[in-house]
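Q: For reference, the chains in residue letters:
Number of protein chains: 2
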Amino acid sequence: MKFEYQKSALVTEEQINALAERLEPYRQHLSDVAERIDYAEPESSIQLPFDEDLITRVKKLADTLRTPTLQYVVVVGIGGSNLGAMSVYEAIAGSMNLLIDRLPKLLFLDTISDERMTAVTRQLVNASTIDDFAIIAISKSGGTTEVIANMEALWHNLEEHYGDVSGRFAVVTGEHSKLWQAAENRAIQKISLPDPVGGRYSVLSAAGLLPIELAKIDTDQLLQGAREAVKDGVSKDLSKNHALVSASLNLLHLQAERSMHNTFLFSPKLESLGKWYRQLMGESIGKEKDLDGHTVHAGITPIISIGSTDLHSMAQLYYGGPDDKFTNLVYAFEGNVNEVPAHLQLPGLVKEIQRKSLEQIMTAIIGGVKAAYEEKKRPFISIQLESITPKELGYYLQFRMIEMMYLAKLMNVNAFDQPAVETYKTATQNLLKSA
Amino acid sequence: MKFEYQKSALVTEEQINALAERLEPYRQHLSDVAERIDYAEPESSIQLPFDEDLITRVKKLADTLRTPTLQYVVVVGIGGSNLGAMSVYEAIAGSMNLLIDRLPKLLFLDTISDERMTAVTRQLVNASTIDDFAIIAISKSGGTTEVIANMEALWHNLEEHYGDVSGRFAVVTGEHSKLWQAAENRAIQKISLPDPVGGRYSVLSAAGLLPIELAKIDTDQLLQGAREAVKDGVSKDLSKNHALVSASLNLLHLQAERSMHNTFLFSPKLESLGKWYRQLMGESIGKEKDLDGHTVHAGITPIISIGSTDLHSMAQLYYGGPDDKFTNLVYAFEGNVNEVPAHLQLPGLVKEIQRKSLEQIMTAIIGGVKAAYEEKKRPFISIQLESITPKELGYYLQFRMIEMMYLAKLMNVNAFDQPAVETYKTATQNLLKSA
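Line by line, the protein sequences give chains A and B. So the first sequence is numbered by our numbering: it starts at 7 and just counts up by one. So the second sequence is numbered by our numbering: it starts at 7 and just counts up by one.
No lab work stands behind these hints, which were simulated from the structure alone. It is possible that part of the hints are untrue.
Because identical chains cannot be distinguished in the list, a pair is counted as satisfied if it fits within a single copy or across any two copies.
Unchecked claim - BS3-like cross-link-like pairs, simulated, lysine-lysine; straight-line CA separation at most 30 Å: (1) K362 / K184; (2) K66 / K184; (3) K111 / K222; (4) K111 / K66; (5) K382 / K362; (6) K184 / K376; (7) K357 / K184.
From a predicted model like this one, the values you see are computed outputs, not experimental measurements.
With these hints in hand, go ahead and build the complete structure from the sequences.
A: Below, the structure is given as structure tokens:
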């Protein structure tokens with residue numbers, strides 16, 4: 007991963023160094039946490055990539071669900087319980103994964119949706135046998151309304167068609183949840199999530215690893231990348247510690263009136279990776295109160311843009327509108343299959359595209375975007391992935407999670423809770439009673 | 007469409023009335039424009055739903071492309087050239103349209119992407135005959151790099167497999183563009199876009215109507231809804247003129263430090279509708295200069311949330327973080343196929359869900375969300391569609407386009423240009439030269 011900010015971010019090295027000094031005790035703490043696998047700290051998600059027992063358990067459970075004819079793996083989860091798996095799956099399987107032949111496919115049932123449930127049910131009941139599918143229900147608390155309702159509705163639909171399908175279900179949940187106990191009582195396969203690892207930090211726990219493994223994506227490489235990011239993320243060497251530098255950049259740009267963080271990803275298959283980060287940043291630092299109990303209404307609003315698509319919808323605002331965003335360009339150069347031929351069907355429309363691969367054209371567009379940001383004096387950094395592989399994705403995900411811990415520390419907020427979501431959950435529960 | 011703001015938006019009726027008075031000359035102007043079909047004004051997009059000749063030409067062209075075995079219609083466009091068709095198609099065909107049996111399917115080739123091109127090419131070359139697909143290339147200027155490059159690369163791929171496929175192509179472009187002339191020279195089918203109608207206002211032109219018609223979605227109903235929205239949108243009666251009121255609400259909330267507009271759509275199949283509006287607002291009012299030439303850096307940043315998914319990723323920020331957003335909840339109640347059964351497989355996890363339809367649960371969630379916004383004193387309005395039908399979508403799209411004209415007028419900016427995007431286009435062109 008290439009991380010470049012020196013010329014394009016509106017900061018000085020002195021500012022970064024000052025923040026690094028403030029973060030030094032926390033960096034030391036993270037470094038200590040990374041040495042153990044005890045799941046005793048809120049930061050314990052950084053221990054996951056080193057947990058050999060975990061990956062052994064994930065692969066064992068995957069082996070029991072994997073069949074020679076497995077076509078569909080339905081992931082029933084919402085928010086942190088599926089965004090991680092979705093981001094890795096779509097980055098590898100592509101933005102048109104539902105259309106292409108690649109098997110097994112992951113199907114995500116997140117929100118409650120009659121049309122989605124109908125579509126998924128239809129695929130599964132059109133299968134030959136129950137060995138053609140598996141269902142993974144993920145809820146750390148075991149009490150997420152959407153997940154439990156979707157799981158029960160889908161189970162019911164399948165049972166009506168196939169009879170007993172309980173062997174095709176697995177649950178991923180906390181060992182102290184009611185779901186864990188219910189699965190135990192019903193002899194449903196299960197795998198646990200460590201208590202201190204919250205949903206938005208759970209991509210490298212069983213919540214992410216189990217679906218990813220079943221989708222035939224190399225989890226070992228994913229974890230290898232994540233281990234390297236932990237090593238870099240606890241390093242004192244700022245030229246390696248992109249997480250700490252990126253956290254500092256976010257704070258400095260927020261203090262300079264940039265209330266939005268725009269992740270501009272130059273590939274449609276990275277959109278879910280953007281959404282994963284959106285939750286990570288939105289929930290981790292969007293806080294009513296700081297750690298001292300003062301009301302602060304802290305937060306940066308993370309937004310996502312997809313290049314070059316959104317150049318044709320949002321560039322006008324980004325370059326001409328308010329200077330209130332700090333932009334991260336994220337891209338990789340890869341793939342050179344298709345090109346514009348030498349002999350054009352309709353010549354004379356756009357210059358300089360003949361004999362160029364689509365990749366070359368995209369490279370020019372990214373260069374054009376950088377030049378425009380520079381000309382318009384809008385701050386950005388660029389993050390170039392070597393290519394879009396499990397290893398690079400593992401690095402990126404872990405880099406972002408550590409970044410968010412540093413950023414929350416700088417902002418003096420709790421990176422790991424989400425107290426404000428209780429209000430709508432309570433109101434929803436009351437409305438369900440009277441429905 | 008039910009439009010409710012009185013209790014939940016932080017405005018007074020006096021404020022709205024004052025803005026309505028300011029807008030009165032422009033409302034009168036729009037009313038006049040709506041009486042004609044001359045495409046002589048920047049606002050002429052509101053004439054499209056009344057243009058009977060247009061729909062006749064669209065249907066005639068669709069008839070020539072439609073075959074008994076048509077499976078895939080590839081829309082090659084970007085930004086305003088495909089977001090409109092995409093938003094209507096996905097709202098009707100569903101969020102899992104690539105997975106389900108519905109035919110013909112629309113496939114969107116927007117950005118340059120090797121993996122997308124490969125996926126689309128593969129589908130088309132796996133067809134039995136060239137009658138199984140059609141390709142629509144859309145570019146008003148005829149010089150959009152991504153569109154022309156994608157069209158040529160796809161054409162080349164298809165020709166290698168099938169030989170001459172030119173009869174399966176159609177272009178949608180301005181009559182004065184080079185693309186129009188090139189298609190003429192090559193005897194490629196074509197249909198025109200009126201000069202004053204820009205991409206983001208073009209959903210009800212041939213750019214949107216041709217793909218939508220081919221996808222077997224009722225364009226007559228779509229236009230019927232749009233005609234009703236024009237009627238309401240030029241009305242002096244504020245209880246009907248949601249476009250004018252909504253524009254006023256946007257301005258008032260911006261003036262009250264809400265720099266973001268959050269469209270919170272409660273169905274995954276409405277995500278593209280959100281993206282369509284994002285372009286409409288982003289490009290129309292995100293402006294460096296106002297109409298008097300003063301540098302203003304005007305703009306509201308439109309963001310999109312999908313309920314209930316994003317309650318599990320962004321609600322913490324929305325309820326606890328900075329009070330810097332004005333939220334529009336958009337939803338419809340429809341579909342009651344699936345339900346949580348009376349007999350649960352894993353009982354005791356979530357209360358009150360047994361025997362509830364998924365729709366009932368979603369209704370409770372929306373109620374919970376509103377209650378939470380009220381409790382947290384964050385401003386919102388709610389827009390309830392009768393159901394998700396072509397007619398309601400036509401109304402919604404037209405309502406939003408008129409809203410944006412009023413809003414730009416209130417902000418004294420040009421709703422129809424996008425001068426700031428030239429910078430990256432020029433830089434890209436220079437880089438292509440040296441690539």
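Q: Taking the hints in turn, state whether each one holds.
A: The hints, checked one at a time:
1. Taking the shortest Cα distances, K362 and K184 sit within 30 Å of each other only across copies (21 Å), while inside one copy they are farther apart (57 Å).
2. Proximity of K66 to K184 under the C-alpha cut-off of 30 Å is restricted to the intra-copy arrangement: shortest distance 23 Å within a copy versus 61 Å between copies.
3. In this homomeric assembly, K111 and K222 come within 30 Å of each other (Cα to Cα) both inside a single copy, at 9 Å, and across copies, at 28 Å.
4. In this assembly of identical chains, the alpha carbons of K111 and K66 lie at most 30 Å apart only when taken from the same copy (20 Å versus 39 Å across copies).
5. For a Cα distance limit of 30 Å, the shortest separation of K382 from K362 inside one copy, 28 Å, qualifies, whereas the shortest one across copies, 54 Å, does not.
6. Taking the closest pair of Cα atoms, K184 and K376 come within 30 Å of each other only across two copies (29 Å); inside a single copy the shortest separation is 51 Å, beyond that limit.
7. Only between protomers do K357 and K184 lie at most 30 Å apart by alpha-carbon distance; the minimum there is 13 Å, versus 63 Å within a single protomer.
Checked against the numbered hints given earlier, the structure satisfies every one of them.
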